[in-house]
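Chemist: Listed below, chain by chain, are the residues.
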Amino acid sequence: MPTPLVVSEVAKSFTMHLRDGVRLAVVEDVSFALKSGECAVLGGPSGAGKSSILKMLYGNYATDAGQIIVDHGGRLLDLATASPREVLAVRRDTIGYVSQFLRTVPRVAAVDVVAEPLVARGAEKAAARERAAALLSRLNLPERLWGLPPATFSGGEQQRVNIARGFITAHPILLLDEPTASLDARNREVVIAMIAEKKAQGVALLGIFHDADVREAVADRIVDVTAFAPRARAA
Amino acid sequence: MSEDLPLLRVFSLSKSYGSRIGCADVTFDLWPGEVLAVVGESGSGKTTLLNCLSTRLMPTSGAASYRMRDGAFRELYRMSEAERRFLMRTDWGFVHQNPADGLRMAVSAGANVGERLMAIGDRHYGRIRATAIDWLGRVEIGEDRIDDEPRAFSGGMRQRLQIARNLVTGPRLVFMDEPTGGLDVSVQARLLDLLRGLVADLGLAAIVVTHDLAVARLLSQRMMVMKDGRVIETGLTDRVLDDPREPYTQLLVSSILQV
Numbered sequence: 501m502p503t504p505l506v507v508s509e510v511a512k513s514f515t516m517h518l519r520d521g522v523r524l525a526v527v528e529d530v531s532f533a534l535k536s537g538e539c540a541v542l543g544g545p546s547g548a549g550k551s552s553i554l555k556m557l558y559g560n561y562a563t564d565a566g567q568i569i570v571d572h573g574g575r576l577l578d579l580a581t582a583s584p585r586e587v588l589a590v591r592r593d594t595i596g597y598v599s600q601f602l603r604t605v606p607r608v609a610a611v612d613v614v615a616e617p618l619v620a621r622g623a624e625k626a627a628a629r630e631r632a633a634a635l636l637s638r639l640n641l642p643e644r645l646w647g648l649p650p651a652t653f654s655g656g657e658q659q660r661v662n663i664a665r666g667f668i669t670a671h672p673i674l675l676l677d678e679p680t681a682s683l684d685a686r687n688r689e690v691v692i693a694m695i696a697e698k699k700a701q702g703v704a705l706l707g708i709f710h711d712a713d714v715r716e717a718v719a720d721r722i723v724d725v726t727a728f729a730p731r732a733r734a735a
Numbered sequence: 005m006s007e008d009l010p011l012l013r014v015f016s017l018s019k020s021y022g023s024r025i026g027c028a029d030v031t032f033d034l035w036p037g038e039v040l041a042v043v044g045e046s047g048s049g050k051t052t053l054l055n056c057l058s059t060r061l062m063p064t065s066g067a068a069s070y071r072m073r074d075g076a077f078r079e080l081y082r083m084s085e086a087e088r089r090f091l092m093r094t095d096w097g098f099v100h101q102n103p104a105d106g107l108r109m110a111v112s113a114g115a116n117v118g119e120r121l122m123a124i125g126d127r128h129y130g131r132i133r134a135t136a137i138d139w140l141g142r143v144e145i146g147e148d149r150i151d152d153e154p155r156a157f158s159g160g161m162r163q164r165l166q167i168a169r170n171l172v173t174g175p176r177l178v179f180m181d182e183p184t185g186g187l188d189v190s191v192q193a194r195l196l197d198l199l200r201g202l203v204a205d206l207g208l209a210a211i212v213v214t215h216d217l218a219v220a221r222l223l224s225q226r227m228m229v230m231k232d233g234r235v236i237e238t239g240l241t242d243r244v245l246d247d248p249r250e251p252y253t254q255l256l257v258s259s260i261l262q263v
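Quick note, the sequences are listed as chains A and B, same order. Sequential numbering from 501 applies to the first sequence in our numbering. Sequential numbering from 5 applies to the second sequence in our numbering.
Any given hint could turn out to be false.
Claimed, not checked - With a straight-line Cα cutoff of 20 Å, these simulated EDC-like cross-link-like pairs (lysine to aspartate or glutamate) come out:
{"no.": "1", "chain 1": "A", "residue 1": "K625", "chain 2": "B", "residue 2": "D197"}
{"no.": "2", "chain 1": "A", "residue 1": "K699", "chain 2": "A", "residue 2": "D713"}
{"no.": "3", "chain 1": "A", "residue 1": "K625", "chain 2": "B", "residue 2": "D74"}
{"no.": "4", "chain 1": "A", "residue 1": "K699", "chain 2": "A", "residue 2": "E689"}
{"no.": "5", "chain 1": "A", "residue 1": "K535", "chain 2": "A", "residue 2": "E689"}
{"no.": "6", "chain 1": "A", "residue 1": "K699", "chain 2": "A", "residue 2": "D564"}
Keep in mind that the hints were calculated from the coordinates and are not lab data.
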């Protein structure tokens with residue numbers, strides 16, 4: 501199987517200038533690879549740096565050191581040093597991301613929030629909306645909500661909009677930050693099935709799942725994040 | 005293929021007022037369809053930079069070149085006044101914070117929009133009016149208001165009219181100076197949503213000066229943070245806001261009020 505994502509020796513720390521420049525080391529020497537058609541799960545307790553790793557892979561956090569090599573349409577690109585324009589291109593075509601919380605935009609209807617990544621990749625608006633509606637329906641979001649902006653939705657409803665938005669495209673890599681955290685059992689099952697389909701399509705998935713049932717159902721292997729704990733902190 | 009070339013290249017641009025620095029040593033490229041937010045507090049030099057880029061102000065040193073519709077780069081500060089004015093009227097837009105600065109308050113809404121079309125040579129009254137009505141509709145101003153003067157409009161409507169006036173000529177680059185400043189929050193949200201949609205649909209490049217980080221987050225892909233006339237941090241908008249590196253950027257981000 502191809503390996504579309506290789507992470508080597510990545511480190512992340514935060515320097516808090518408003519707190520007398522305290523330096524908070526988060527992870528060090530993060531090294532792993534992701535294969536097409538597998539779902540790897542980042543494991544470890546809260547605060548171990550799981551979310552930070554996902555955010556670095558999406559270009560949302562800067563990296564202090566190391567390389568994040570991604571296969572971007574046949575070209576290898578280091579996300580740790582890529583320009584903003586390159587990161588945006590990778591997000592459009594190569595790496596999808598389901599964040600923990602939906603960042604809502606005023607006045608944009610749920611169905612358009614979901615359709616947007618497809619439209620950004622050049623799909624026709626009507627066709628993208630149809631796909632979006634199908635996904636929302638599969639995730640049991642009541643149809644009367646589709647035309648409304650998600651700002652006033654419940655946590656679980658927003659989460660489902662977010663999942664639909666992340667799953668609508670055919671990105672070869674998909675990052676999932678606790679996509680099932682606020683879902684009920686029925687919708688968790690739907691997401692588990694959707695992840696299985698992505699795997700079957702050859703997508704490489706990397707996720708954080710606190711829910712042990714979901715983790716067991718989807719994980720091909722666990723990447724133990726405690727192995728990347730900064731030495732200074734452990735000492 | 006032209007997508008791989010920047011629309012605007014800015015190199016080491018500086019503007020000083022005597023010994024006082026307006027902006028200093030600003031370098032960046034802007035690509036077609038890209039929205040760049042310039043943030044910082046008042047006095048940080050962001051408006052001076054915007055005025056230099058839009059050639060409303062001459063820089064003290066540095067260079068900026070713009071890729072014209074024929075594909076050739078032209079040095080902005082070496083153009084004649086007439087050439088610059090032509091660019092301003094056709095290929096560029098400038099949205100002022102105060103709509104009164106960008107509109108003619110004593111002529112009708114329709115004329116405000118139509119005037120830009122006439123400036124590029126359209127003389128057909130019926131066509132101009134039809135285009136004006138279409139553009140008023142796109143900024144959510146009813147056709148029945150076409151003969152009203154902007155003086156009779158609310159602040160939000162005036163701002164939407166100013167946007168229509170700027171976009172009617174199909175510009176490729178729009179400069180915006182605090183486009184939502186001074187508007188009520190609900191009016192702001194509507195305007196932001198409208199701007200987002202128009203920028204995406206038309207594939208516009210834009211440089212948006214704002215002190216409001218939420219506006220920057222919503223509108224821009226890329227961000228420059230300015231302090232004391234200099235660019236102190238730059239990057240993807242969500243990266244700068246979620247993982248700010250510089251002390252001043254951290255201060256700005258931590259000062260956002262949570263609701």
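Chemist: Would you mind marking each hint as holding or not holding in the structure?
Modeler: Hint-by-hint comparison with the structure:
no., hint, in the structure
1, K625(A) with D197(B), "18 Å, holds"
2, K699(A) with D713(A), "18 Å, holds"
3, K625(A) with D74(B), "31 Å, violated"
4, K699(A) with E689(A), "15 Å, holds"
5, K535(A) with E689(A), "24 Å, violated"
6, K699(A) with D564(A), "31 Å, violated"
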